[in-house]
Amino acid sequence: MTSSYDSPARAEGHGIPLRSAGPGRSRASGLKRRHLRAHGVVVAWAALALVAATAQQSLPVARWLAIHLFLLGAVTTAIVVWSEHFAVALLHARVPDERWSDARLAGVNVAVLGVLVGVWAQWPLLTGAACALLVVAVAAHLVVLVRMGRGALGGRLAPAVGYYRAAAVALIVAAVLGWLLATGRTGADGYAGVWLAHLHVTLLGWIGLPVLGTLFMLWPTVLGVRMAEHTTRIAPRVLALTGGGLLAAVAALALGLRWVAVAGVAVYAAGVAVALELFARTLRRRRPVSAAAAWMLGVAAGWLFAGVVVDLGTLAGGPLDRAQEGVGSLVPVLLIGFVAQVLIGALTYLLPVVLARGPKERAVLRAVLERGWVVRLVVLDVGVALVVLPLDEPAATTGMVLAGVAATAFLALAVSVLARRDGEGGAARRPMLFGTTAGVVVTVLAVLLANSGGDTKGTPAAVGSGTAATTRTVDVTLTGMRVRPSRIEVSAGTALRLKVTNKDAQRHDLKVDGGPGTPLLARGGSHVLDVGTVTENLEAWCTLSGHRAAGMTLDIVVRDGASGHPDGHSALADSGGPDHSAPFSTGWRARDAALAPAPGGTVHKVELHAAHTEAEVAPGVKQQLWTFGGTAPGPTLHGRIGDVFEVTLVNDDHGMGHGIDFHAGSLAPDRPMRTIQPGERLVYRFRAERVGAWLYHCSTAPMLQHMGNGMYGAVIIDPPGLRKVDHEYALVSSELYLGTPGSAAQVAKMRQDTPDAWAFNGVAAQYAKQPLKVKAGERARFWVVAAGPSDGIAFHIVGTVFDTVYKEGAYLLKPGDPGGAQVLDLAPAQGGFVETAFPQAGHYSFVDHDMRHAEAGAHGVVEVTK
Amino acid sequence: MTDTVGWWSLVRFLHVAGAALWVGGQLALSLVILPLARRMLTPEAKDRFVTQAGRRFGMLTGAVFLPVQLTTGWAMAWHKGVTWASLADPGYGRTLAAKLGLFAVVMLAAAGHGIAQSKGRADLARSLAVVSLVGSLGVVLLATALPAT
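Sequence order for the protein chains is A and B. So the first sequence is residues 1 to 866, counted in my numbering. So the second sequence is residues 1001 to 1149, counted in my numbering.
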């Protein structure tokens, strides 16, 4: 049987303890006024959320705003109001002081406003203060709920209040996690886990728990049947499952423990299933009190369960940063299908109960709120289904529009119910104030829309015809919560275009300060951003909340052509490629440029393994290379004329054939230069019959790629009677092509001969960072081999004159000659050496005098000390 | 585009003058005429006056102002080469789109004002009139952000 309640009034006589506004009671009419006010706030937040949702295509932050206006504004206000209302009724407790109730609600709403403004305007201090206020207000709400339980009579359904308490804790956790996200305190690595934890604790905790708790009594009431006998036993059990599961899941997600999180969500799902099973058994073949409310609550609970099950599968299916995308796409489903629908269903039933002053008016209000409910229900849920199903693009947008239409329709009905003027209690009549506010709000929205995407100052069209503006397109990648490159240098007046590609699992955009921005890009999405003519330093960043703070920024720096290096060479950093002035990673060491003396004996046995290697090829730039002997260039082989080299080539590579070609020996290429497959080996034997600085390289087609990715090296055969010098160096010059080896983009750069950098001994700018060290007056010999694959070299040492030049088998200049030389010029694959003495202490730059190459990595320093 | 007075400046003149007269008319009605009517006329006379004045202004809006604005606005957009797709572009396109959207809101508010007035919902009617007035000032603001055609 249904138990009887002592509460001030009972709705419908079917068991739900609701304090409805009865006639002749002054407290009841005060209650009604407060409900009117609170629900006016709920409707206003929801309406703003709808407006923001319509702008989410053009304003990326609008998506965040729409979600938070709805959940944090509308839904949070509703939960605070109704959980207190139901707690009083269920516990048969005294009504808490109304002024303090109002203060808590006001605190929550002020905090929400602060969070929204703080994140929108990127004021981390305001965001932090507002989050703190939210925590305080919700903690006060929690204290009231706990204290209400003490000494109260306690009704049969008192356990449901436990759901409200757990929910308040969940919101406190959600607020803290949200603050971490919005202010970028998670760092790039922790972002995915904390984001998922925030999402779960909000949707499944702050919203899911009170909804489940309320449904235990609301569901039978709406159906007009008795509550199932064992509801009292099952409700605490479901709370233990859902609350416990959620606690484990959220903690595990924040700490990045995926399988614990999966287990937690599974327990939560089990709890929801137990509750749904109870609800299903409550169904009777009789006409419900409110079919509209019953259907909406039922379908919403179904979406919750479906959402949790899909979430479980997504988390179990892959790492957390991958799961972000899948879980993120669930948000609209849970938001509309579950949360919005539960809110609509519950208010359809509850608003008439609390606002009406008698059965007659209740019926009238209910009739208004249920107007067209079948159509609205179908439109809303078809909309959700279109969003969730993996259909082509118009489907998702259509779905959002349908859901938006259904939600707007209910909002209009709710407004008409709330705005009914029936003598007392009507809203204050201030048409001027209302009209001005509404007018200003729509104007501000229109201006925001007009200004979205930035102004168009300095577009190429605006450049005067006198300036020869160069246009540069730079590939920008969004990945791992970083913008790569994070710094672009351009000369003033460059028309800059950014080809922005999102390679991250989650959605990003890129907005240039005071300039254009990309739309939100899903994984793999790409957009060309026309920055226009750059005349001053600019910053760009991802506008999603917290991403900028987590480090997703890009500096566009105008290079000042006049400013130079201390040594008179202007800044050697080219814009497109790596930043050569940046530091190498800690622990990095330059390759020793000194040429080791030729080993004794006349037969040199060498084993070379061909394999993939990762190396730092420019400051901070790691690159996958194909190598001989683990380095690019491969080891330098040094010998004398007549020496025999017995090279064993072992192919340790996976899935790729390699071969080798030594220019220093002459033989029939057919056998020794053949391509060997992974796991195979060959012996390449040649006698060095002639002097020179020789190239060796991979002999497998396409050689452009094998050499461009690092498979080259030098063989040095000393001329007889070579003079002794104080230092002997071997430098192999080459181009660097960044990107995935063999990818279309990288190969295109090789084909067009547009390297990302040029290098001596495989690493751009390495000897600028760790100079070669020589004493004043000492002589040095520089062996140089141009490995290409496409560019030769004009080797020059600033501040010196070569007195010896040996190129391709012959001396062009000897010390006794009156002439001097400034450059050793080598075509691709040629080699030679130069000698010079360093007259005084100082810093002597050595460069490829093709300045495009020098400024993009082909430079180093000889540091001469006394 | 020349700096002399030509046919297109006539079109633009009609557009700007229409907007000025409509916004000015609203301002004159709500700041000068209606307050005076409330103070100086008897309640019955005032009600009739307000209704008649509103109806007359509404007729003027529907019969003259709206057709002129739509025609001249459409003509200028065509002349400038505005397409539906270009309305989404940042800068000119979006500003124009925002202006059109706000103009639609203003017209809806004005129509709602007329309906509310005829149904005797005086407060709602006044609110909507103010929305329409403030919104039309917003339209003018956005219009000044658009470079001349």
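Where hints are given, some of them may not hold.
Quick list of in silico lysine-lysine cross-link-like pairs, DSS-like style, CA-CA up to 30 Å [unchecked claim]:
(1) A:Lys724 - A:Lys814
(2) B:Lys1046 - A:Lys360
(3) A:Lys724 - A:Lys622
(4) B:Lys1046 - B:Lys1119
(5) A:Lys360 - A:Lys499
(6) A:Lys32 - B:Lys1119
These aren't lab readings, by the way, just hints derived from the structure by calculation. On a predicted model such as this, the values are computed, not experimentally measured, just so you know.
Hint check:
no., hint, verdict
1, A:Lys724 - A:Lys814, "14 Å, holds"
2, B:Lys1046 - A:Lys360, "38 Å, violated"
3, A:Lys724 - A:Lys622, "38 Å, violated"
4, B:Lys1046 - B:Lys1119, "17 Å, holds"
5, A:Lys360 - A:Lys499, "65 Å, violated"
6, A:Lys32 - B:Lys1119, "27 Å, holds"
Violated hints for the displayed structure, listed by number in ascending order: 2, 3, 5.
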